[in-house]
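A.B. asks: Please arrange chain L on chain S, whose structure you already have, making use of the hints.
Each chain is listed here by its residues.
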Amino acid sequence: MTSFKRLTRGVKLLREHVYDPLNSAIDLLTKSGLPIENYDKENGTFRLTFYFPWTEAVVYGDGNTNVPFILPALQDSFELKDYLIPEYQLVEISVSQDTRAEPAYLAGPQTSGPTINSGEAAAFDLFIKEHDIDPNNFDGFTTETYSVSIPEIALTNDFSRANPFVQSGMGISFTHKKSYLLQIRPKVNNRGFYSFCVSLKFKTALGLRGAGTSTQNNTDEAGGNYVPQAATVPAGDSTIEADSNDGVNTGFKVADAIIQNKLTGGYSRSGQSAFAENLRFDTGYEVIAVPMFGGWGTVHGGLSAGNGNISFQTAASMPWSGTGAGNFKTMDRAQVALQHPLSIEHVVLAVNYSGPGTGDYSRPTTTGVGQDLTHEVGIGLFSGVRSDNVEVKQVAHATWTPTTISNYLIDRGDFRHNNTNGRHNGYAWDLLSCPIVTGSSGAGVGYKPQGKPMFAAQGMSNVLPRVFPITSGAEQVLDIRWKISDPVSDVDTWSTTPKEVIVGYRGCWVYLICKKFLR
Amino acid sequence: MSSIRRITGQQFSDGTTIDGDRLEKALQDLEDYINDVPDGDFKTRWLQSQAVLKYLPFTAEADANLATNTGIVGNSNFAPYLPVYNLSVGGSKITNAYRFKGNKLSWQEAFDGSGQHAWTISFAVGDEPIIIDAIDLSMAVYPSEYTNSFEYGSVAPPNKTPGAPIDDIHLQVSMDNPFIPSLQILNSVLYHKYNFSVLNAEVTAPGLAFAIGTDINPTLASVSGTSGGNSLFIQEHNLNIPVPPGSRVRFSLLIPSDFNLGLGYDPWGLTPWRTFVPTMTLTFLERLERD
Numbered sequence: 001m002t003s004f005k006r007l008t009r010g011v012k013l014l015r016e017h018v019y020d021p022l023n024s025a026i027d028l029l030t031k032s033g034l035p036i037e038n039y040d041k042e043n044g045t046f047r048l049t050f051y052f053p054w055t056e057a058v059v060y061g062d063g064n065t066n067v068p069f070i071l072p073a074l075q076d077s078f079e080l081k082d083y084l085i086p087e088y089q090l091v092e093i094s095v096s097q098d099t100r101a102e103p104a105y106l107a108g109p110q111t112s113g114p115t116i117n118s119g120e121a122a123a124f125d126l127f128i129k130e131h132d133i134d135p136n137n138f139d140g141f142t143t144e145t146y147s148v149s150i151p152e153i154a155l156t157n158d159f160s161r162a163n164p165f166v167q168s169g170m171g172i173s174f175t176h177k178k179s180y181l182l183q184i185r186p187k188v189n190n191r192g193f194y195s196f197c198v199s200l201k202f203k204t205a206l207g208l209r210g211a212g213t214s215t216q217n218n219t220d221e222a223g224g225n226y227v228p229q230a231a232t233v234p235a236g237d238s239t240i241e242a243d244s245n246d247g248v249n250t251g252f253k254v255a256d257a258i259i260q261n262k263l264t265g266g267y268s269r270s271g272q273s274a275f276a277e278n279l280r281f282d283t284g285y286e287v288i289a290v291p292m293f294g295g296w297g298t299v300h301g302g303l304s305a306g307n308g309n310i311s312f313q314t315a316a317s318m319p320w321s322g323t324g325a326g327n328f329k330t331m332d333r334a335q336v337a338l339q340h341p342l343s344i345e346h347v348v349l350a351v352n353y354s355g356p357g358t359g360d361y362s363r364p365t366t367t368g369v370g371q372d373l374t375h376e377v378g379i380g381l382f383s384g385v386r387s388d389n390v391e392v393k394q395v396a397h398a399t400w401t402p403t404t405i406s407n408y409l410i411d412r413g414d415f416r417h418n419n420t421n422g423r424h425n426g427y428a429w430d431l432l433s434c435p436i437v438t439g440s441s442g443a444g445v446g447y448k449p450q451g452k453p454m455f456a457a458q459g460m461s462n463v464l465p466r467v468f469p470i471t472s473g474a475e476q477v478l479d480i481r482w483k484i485s486d487p488v489s490d491v492d493t494w495s496t497t498p499k500e501v502i503v504g505y506r507g508c509w510v511y512l513i514c515k516k517f518l519r
Numbered sequence: 001m002s003s004i005r006r007i008t009g010q011q012f013s014d015g016t017t018i019d020g021d022r023l024e025k026a027l028q029d030l031e032d033y034i035n036d037v038p039d040g041d042f043k044t045r046w047l048q049s050q051a052v053l054k055y056l057p058f059t060a061e062a063d064a065n066l067a068t069n070t071g072i073v074g075n076s077n078f079a080p081y082l083p084v085y086n087l088s089v090g091g092s093k094i095t096n097a098y099r100f101k102g103n104k105l106s107w108q109e110a111f112d113g114s115g116q117h118a119w120t121i122s123f124a125v126g127d128e129p130i131i132i133d134a135i136d137l138s139m140a141v142y143p144s145e146y147t148n149s150f151e152y153g154s155v156a157p158p159n160k161t162p163g164a165p166i167d168d169i170h171l172q173v174s175m176d177n178p179f180i181p182s183l184q185i186l187n188s189v190l191y192h193k194y195n196f197s198v199l200n201a202e203v204t205a206p207g208l209a210f211a212i213g214t215d216i217n218p219t220l221a222s223v224s225g226t227s228g229g230n231s232l233f234i235q236e237h238n239l240n241i242p243v244p245p246g247s248r249v250r251f252s253l254l255i256p257s258d259f260n261l262g263l264g265y266d267p268w269g270l271t272p273w274r275t276f277v278p279t280m281t282l283t284f285l286e287r288l289e290r291d
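In order, the protein sequence lines correspond to chains S and L. Residues 1 to 519 (my numbering) make up the first sequence, in order. Residues 1 to 291 (my numbering) make up the second sequence, in order.
Bound-form chain L, shown alone:
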């Protein structure tokens, strides 16, 4: 028979004493427990927190103005994307030439990190552990300004078929080494989504027009150029990745940025950061706290 040890150390069985002192002790144990129920006894003891990481990329015209006024031909506001490879220039000291793992694209050389840029957000966990529950990435495209077919075009990378959906987006979550946190070669990859066809992430089936039945205000139709486009919505949920207290975590989106003799590769071109509007939502589960 099951015991009642969860709430009291007292045991009552037929054939043994069941006297007032022991009953009093059991009731007192129950009272103490019920007045201070620990959250460890809650099946539902987590609350989600959502961090929205979003920005609006420059348009081609804003970039052109920037290039003109800085005198740097082809200048583009690439922020927050940064090259994945840290090259030593003029003998400058580099501590983390490579800060990502397993991100090489099939057509790139193993030690050539010049063909990708990464958008990285880092985050430090304090005294309480968290659970990384979900990563959602909307890559919104439109008929104009921010356009990306998410298909290889006529200027496709080697071994890629024009017209095929791209498979060169990387999502990576890593955690710094707890002992030497700034040495990225020692980091641990907690999650890495790569080599996936974006067909899995399209908002609408290819060939179908994306149309909202009854739109809200402000309507997309009220700003010409915003209706349509087949965006991507990459949704990774139920990740259930535990992150211990004191950890440092990095979330990264890597996109191709090959120079390719000044042409870039389709569909990304030379300014891949300008081809979509991202909204990244990170969902964490966090514990309850005392007063």
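Chain S extracted, bound-state conformation:
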């Protein structure tokens, strides 16, 4: 905070009484940027949005729709002491489902059509639960952090329904030390939800950009563009004037003009900063949550076509999958547009092994039928939409089998886990780190060894290319791919005791933990 020395009554008025504080204020605005303690609003917001195209509802056990997430510190604060890492506060939640705009629930896609059942609704309870991060045990998420109940009566009035529902004005603390589980528990059996969307809005402190080689693919302007200004100090013992070049009014006008022109920080859409910046703390925290294999039920080995319904699908029916030994290969791919610059700090994967009902499920094991099941996840910066130069640059990559998954493991959590035989029922998740690739600027920090954060922006031209020549500084899209394969066995012949899960109920998730910039 800034504090000007008070003028003492009766003391001779000196230049430094006026121009020292005036110029210190102007310095704050122009020399190195305004520090965070001088902001009225010190926090940026981010949203964690979960989307499910359809989720069947069974009133049992774990509620059937569960997704874990974590909120790691950005790389520039990852290794600080816990009390120095900014916390996150949940301030708002929006929940919605598509009921064809009717006060009704809709019959599921496993029926002959989405029949409108008026006067009844797919009511639910929504929870966020937490547990300590621990990759070595399978503890469930049992501590409730937040909950809301949407009863049927709130969804069946003709004119006013809580759909979409919003609750704001909250301030529930979340921390990087815990992992969390979003859980949707239906109130009425078998009334599923179409197009179910949960958006959690958080706030957390603004931060600094990563200048120079602290970030890969960095822009030349990451260090900030500051153009120092100052009020002209008059000569000693000169007459106090108002409007001369070194007058008092002229001096105050320097500060006033800077503020009238409005204070600038951050980057433009193309990744450029202003000629003369004023804000030092101009970055926020961002999480981009991307569902992969969303909309599919549980896929486990040994399922025959006769089991294919809305809750279970066979491995052979997955996209591009073949049958026979070694022929199982499938992939999901997302293309997320880069509208504004981002710095990708961490990539976290939520690997799903959940199964509905009371089935006897298991993760693929090192000695079981799924021992060769291979997951491979890659994130790329893609350039080529409506262009002649189609290129993609690797940002993050991880590939694992049951033998090597521990190299990436951050946390795991099961609804019910049998430590003797390793089986589970209900939700079962692993949270993995997908390491940022390491470039010439050396290692970064994170849950597991990885590279430094990766900057991405659409750019204006490739005249001054950033470090990566492939995309020439013109990144348009985040290309996210998740491939699952078994190069050895015939997954359709796997034993189903236990059911070793290939993709869990309602799919997996990729979280891009990013730094974003004021605009």
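Just so you know, the hints here were simulated from the structure itself, not pulled from any lab data. Ideal Cβ positions, reconstructed from N, Cα and C, are used throughout, including at glycine. Worth double-checking, as some hints may not be accurate.
Said to hold, decoys possible - Under 7 Å between C-beta atoms, here's a sample of chain L residues computed to sit facing chain S:
{"#": "1", "residue": "Gln48"}
{"#": "2", "residue": "Ala51"}
{"#": "3", "residue": "Val73"}
{"#": "4", "residue": "Ser138"}
{"#": "5", "residue": "Leu186"}
{"#": "6", "residue": "Val189"}
{"#": "7", "residue": "Thr281"}
{"#": "8", "residue": "Leu288"}
Stated by the list, open to error - Taking lysine to aspartate or glutamate pairs in the EDC-like style, the calculated list, with each CA pair at most 20 Å apart, reads:
{"#": "9", "chain 1": "S", "residue 1": "Lys448", "chain 2": "S", "residue 2": "Glu376"}
{"#": "10", "chain 1": "S", "residue 1": "Lys5", "chain 2": "L", "residue 2": "Asp266"}
{"#": "11", "chain 1": "S", "residue 1": "Lys31", "chain 2": "S", "residue 2": "Asp256"}
{"#": "12", "chain 1": "L", "residue 1": "Lys104", "chain 2": "L", "residue 2": "Asp167"}
{"#": "13", "chain 1": "S", "residue 1": "Lys12", "chain 2": "L", "residue 2": "Asp32"}
{"#": "14", "chain 1": "L", "residue 1": "Lys25", "chain 2": "S", "residue 2": "Asp132"}
{"#": "15", "chain 1": "L", "residue 1": "Lys93", "chain 2": "S", "residue 2": "Glu152"}
{"#": "16", "chain 1": "S", "residue 1": "Lys262", "chain 2": "L", "residue 2": "Asp32"}
{"#": "17", "chain 1": "S", "residue 1": "Lys177", "chain 2": "S", "residue 2": "Glu79"}
{"#": "18", "chain 1": "L", "residue 1": "Lys43", "chain 2": "S", "residue 2": "Glu42"}
{"#": "19", "chain 1": "L", "residue 1": "Lys193", "chain 2": "L", "residue 2": "Glu151"}
{"#": "20", "chain 1": "S", "residue 1": "Lys5", "chain 2": "S", "residue 2": "Glu37"}
{"#": "21", "chain 1": "S", "residue 1": "Lys262", "chain 2": "L", "residue 2": "Asp29"}
{"#": "22", "chain 1": "S", "residue 1": "Lys262", "chain 2": "S", "residue 2": "Glu79"}
{"#": "23", "chain 1": "L", "residue 1": "Lys25", "chain 2": "S", "residue 2": "Asp20"}
{"#": "24", "chain 1": "L", "residue 1": "Lys160", "chain 2": "L", "residue 2": "Glu109"}
{"#": "25", "chain 1": "L", "residue 1": "Lys25", "chain 2": "S", "residue 2": "Asp256"}
{"#": "26", "chain 1": "L", "residue 1": "Lys104", "chain 2": "L", "residue 2": "Asp266"}
{"#": "27", "chain 1": "S", "residue 1": "Lys262", "chain 2": "L", "residue 2": "Asp39"}
{"#": "28", "chain 1": "S", "residue 1": "Lys177", "chain 2": "S", "residue 2": "Glu144"}
{"#": "29", "chain 1": "L", "residue 1": "Lys43", "chain 2": "S", "residue 2": "Asp256"}
{"#": "30", "chain 1": "S", "residue 1": "Lys41", "chain 2": "L", "residue 2": "Glu236"}
{"#": "31", "chain 1": "S", "residue 1": "Lys262", "chain 2": "L", "residue 2": "Glu236"}
{"#": "32", "chain 1": "L", "residue 1": "Lys160", "chain 2": "L", "residue 2": "Glu236"}
{"#": "33", "chain 1": "L", "residue 1": "Lys93", "chain 2": "S", "residue 2": "Asp158"}
{"#": "34", "chain 1": "S", "residue 1": "Lys5", "chain 2": "L", "residue 2": "Asp291"}
{"#": "35", "chain 1": "S", "residue 1": "Lys178", "chain 2": "S", "residue 2": "Asp132"}
{"#": "36", "chain 1": "S", "residue 1": "Lys81", "chain 2": "S", "residue 2": "Asp158"}
{"#": "37", "chain 1": "S", "residue 1": "Lys41", "chain 2": "L", "residue 2": "Asp29"}
{"#": "38", "chain 1": "S", "residue 1": "Lys12", "chain 2": "S", "residue 2": "Glu376"}
{"#": "39", "chain 1": "L", "residue 1": "Lys25", "chain 2": "S", "residue 2": "Glu241"}
C.D. replies: Relative to the frame of chain S, chain L by itself:
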């Protein structure tokens, strides 16, 4: 001459008093301001938030299994697409027969909503306003499993030319009426993109093979059937649509789903939701917040 009223109410002019008390007051005003700079004085005071709405459609084989096991011939996992028209069946009460506006396709009857399905996501805004900055929709197609030429074929709708790029995709953003939010006939359409040729949205020029120079891992070539296909990428940015606090907003993608005597129309067919893999990214701008 300009004043310095932004930071202080004090005025200093030649020929008037410039005494210590007034200077002290001006400096105090400056100190108070600089210690608590309002975000309204930031030119750059917004942060983007991106919501990714995505799913993987069922394949034809998964649908076939579903049809077999449910005993419903032709059953397909159509979720999250739902018919645009709410028909009263067996006297059931319907409050919103029509929930979209201006979505009729040229070959369909005015009151026949049976030829379109909509993927709708709704969203409620809390205490703080937001700005809808961008909507990006990737409609990815591949050589197999999810195929769509995005051109009218031999079974084209009336008045459409086979081989011509389609122009029957609708993107609509609407806001519920603040007084009777559940009555969709009163909603306001904030944005509606329609009647546009998909030539404007193709990732690659027609006739050019889509090939990545050096692919990342996992490569598309490592999963046969994923390399190629001319996808669409509809990008609407700089929308600058302000949404007041307490609003309810709906984002919808409408695609044709004509039955057409059990044939459907090209290129959509009877299961249009299975012909592409969508990734919709919504970008909002949101304000800073206090502790």
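A.B. asks: Now, for every hint given, state plainly whether the structure supports it.
C.D. replies: Hints and how they fare:
1. Gln48: Where the cut-off is 7 Å and the nearest Cβ of chain S is about 5 Å from L:Gln48, the hint holds.
2. Ala51: Nearest chain S Cβ about 4 Å off; hint holds.
3. Val73: With a minimum Cβ separation of about 10 Å from chain S (threshold 7 Å), the hint on L:Val73 is violated.
4. Ser138: At 4 Å from the nearest chain S Cβ, L:Ser138 passes the 7 Å test, so the hint holds.
5. Leu186: violated (10 Å)
6. Val189: Violated: closest Cβ of chain S sits about 14 Å from L:Val189, beyond 7 Å.
7. Thr281: holds (5 Å)
8. Leu288: Hint on L:Leu288: holds, closest Cβ of chain S at ~4 Å, below 7 Å.
9. S:Lys448 x S:Glu376: Distance ~17 Å between S:Lys448 and S:Glu376 Cα, so the pair holds.
10. S:Lys5 x L:Asp266: violated (78 Å)
11. S:Lys31 x S:Asp256: Between S:Lys31 and S:Asp256 the Cα gap is close to 16 Å, so the pair holds against 20 Å.
12. L:Lys104 x L:Asp167: Roughly 12 Å separates the two Cα atoms, so the pair holds.
13. S:Lys12 x L:Asp32: violated (24 Å)
14. L:Lys25 x S:Asp132: Given pair L:Lys25, S:Asp132 is violated - Cα atoms ~53 Å apart, limit 20 Å.
15. L:Lys93 x S:Glu152: holds (17 Å)
16. S:Lys262 x L:Asp32: Roughly 17 Å between the alpha carbons, so the hint for S:Lys262 and L:Asp32 holds.
17. S:Lys177 x S:Glu79: holds (12 Å)
18. L:Lys43 x S:Glu42: holds (15 Å)
19. L:Lys193 x L:Glu151: Measuring from Cα to Cα gives roughly 18 Å; hence the hint holds.
20. S:Lys5 x S:Glu37: holds (19 Å)
21. S:Lys262 x L:Asp29: holds (18 Å)
22. S:Lys262 x S:Glu79: violated (35 Å)
23. L:Lys25 x S:Asp20: holds (15 Å)
24. L:Lys160 x L:Glu109: Cα-Cα ~16 Å, so holds.
25. L:Lys25 x S:Asp256: holds (15 Å)
26. L:Lys104 x L:Asp266: holds (18 Å)
27. S:Lys262 x L:Asp39: Holds, at roughly 10 Å.
28. S:Lys177 x S:Glu144: holds (15 Å)
29. L:Lys43 x S:Asp256: holds (15 Å)
30. S:Lys41 x L:Glu236: Not satisfied, since the Cα-Cα distance of roughly 30 Å exceeds 20 Å.
31. S:Lys262 x L:Glu236: Violated. S:Lys262 to L:Glu236 sits at ~28 Å, over the 20 Å cutoff.
32. L:Lys160 x L:Glu236: Distance of about 26 Å is beyond 20 Å: violated.
33. L:Lys93 x S:Asp158: Cα-Cα ~10 Å, so holds.
34. S:Lys5 x L:Asp291: Distance of about 28 Å is beyond 20 Å: violated.
35. S:Lys178 x S:Asp132: holds (5 Å)
36. S:Lys81 x S:Asp158: violated (53 Å)
37. S:Lys41 x L:Asp29: Answer holds: S:Lys41 to L:Asp29 is near 19 Å, not above 20 Å.
38. S:Lys12 x S:Glu376: Violated. S:Lys12 to S:Glu376 sits at ~75 Å, over the 20 Å cutoff.
39. L:Lys25 x S:Glu241: holds (17 Å)
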